[in-house]
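Asks: Read left to right, the sequence shown gives residues 1 to 287 (full-length UniProt numbering).
No lab work stands behind these hints, which were simulated from the structure alone.
Careful, some of the hints might be misleading.
Said to hold, decoys possible - Taking CB as the label site, the calculated pair distances span:
#1 K240 / E269: 41 to 49 Å
#2 G204 / N239: 48 to 56 Å
#3 H247 / E276: 19 to 27 Å
Beta carbons: idealized from backbone N, C-alpha and C, even for Gly.
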Amino acid sequence: MQIMSFYQNSKFNYFLSILIVIDLILITLTLISDVGQNLYFSIIIFDAILCIILFIDFFTRLSYSDDKKRFLIKNWTELIAAIPFDLIMLPFVLNNSLLRVFKVLKFIKVIALFSQFFETIDFFLKKTHLDEIFGITLLVVLASTLGLYLFDPSINSLFDSLWFVLSTITTVGYGDVLPQSGAGKIIGLITLIVGVLIFSTVTGAIASYFARRIFMNEDFNITENDDNIEHLKETLRSNKENLNEVHSKVYEIDNDVESLKKEINELKEINKELKEEIETLNKNQKN
1 MQIMSFYQNS KFNYFLSILI VIDLILITLT LISDVGQNLY FSIIIFDAIL CIILFIDFFT
61 RLSYSDDKKR FLIKNWTELI AAIPFDLIML PFVLNNSLLR VFKVLKFIKV IALFSQFFET
121 IDFFLKKTHL DEIFGITLLV VLASTLGLYL FDPSINSLFD SLWFVLSTIT TVGYGDVLPQ
181 SGAGKIIGLI TLIVGVLIFS TVTGAIASYF ARRIFMNEDF NITENDDNIE HLKETLRSNK
241 ENLNEVHSKV YEIDNDVESL KKEINELKEI NKELKEEIET LNKNQKN
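Please take these sequences and the hints and turn them into a complete structure.
Replies: Take a look at the structure:
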């Protein structure tokens, strides 16, 4: 059970999420650009190590699952994310006929990694509403990118448009790509304002989440202390009742002792009377 609690630990989930994001970026990088041989082999090694961790995590949770069939149906994408396609396909990477299949498999793995990442941080996203914020951000990025590309003649490609939107929405503003038309500048201004609002909202949501966690922990401690106080009160109440019972029994014993004293005194009186009678009888006999 200690092993299971380790895998359910939120710190482990956050650590796993970071590894998944890094692997996601690296695998995507190998898909969209040519990387050097040394870097590519480093990516393969990192991906293989992560796949081992994901396999261990998956089968550990599966072994502790009550309904294993339901667990497999619900989490089958995790198995795909845990397959090291780059390592498996490494001997065939120079085969042009398999290259297209290789890229399709890598693309499927990227999707599976996305799914695994969002499942890992699902609770955090829902509590902070970052899933909604990310959705709005994605819509703004797509709309701004298409708008600039369609309405600004100085933007030569979708990539240039996307580059400008991303650098603007993140408030970096490199300045290497700039819109020249009025419509393009308005779109850029709207994108900048939305970017500032999004980042301030994200910061506020995360701060609110951790503040809520701290408050919940303090509230839990207060509740726990209240429970302890109530337990002490109940113990004192029980002890008081026991003391009252003891006092009643002592009082009864005192009464019994008094009764015994009276009986003893009565017996003494009777004994005294008997002695007197015996003495009287003895005198009479002598006479």
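Asks: Are the hints correct? Go through all of them and say.
Replies: Hint check:
no., hint, result
1, K240 / E269: 41 to 49 Å, "holds (43 Å)"
2, G204 / N239: 48 to 56 Å, "holds (51 Å)"
3, H247 / E276: 19 to 27 Å, "violated (44 Å)"
When each numbered hint is compared with the structure, a violation occurs for hint 3 only.
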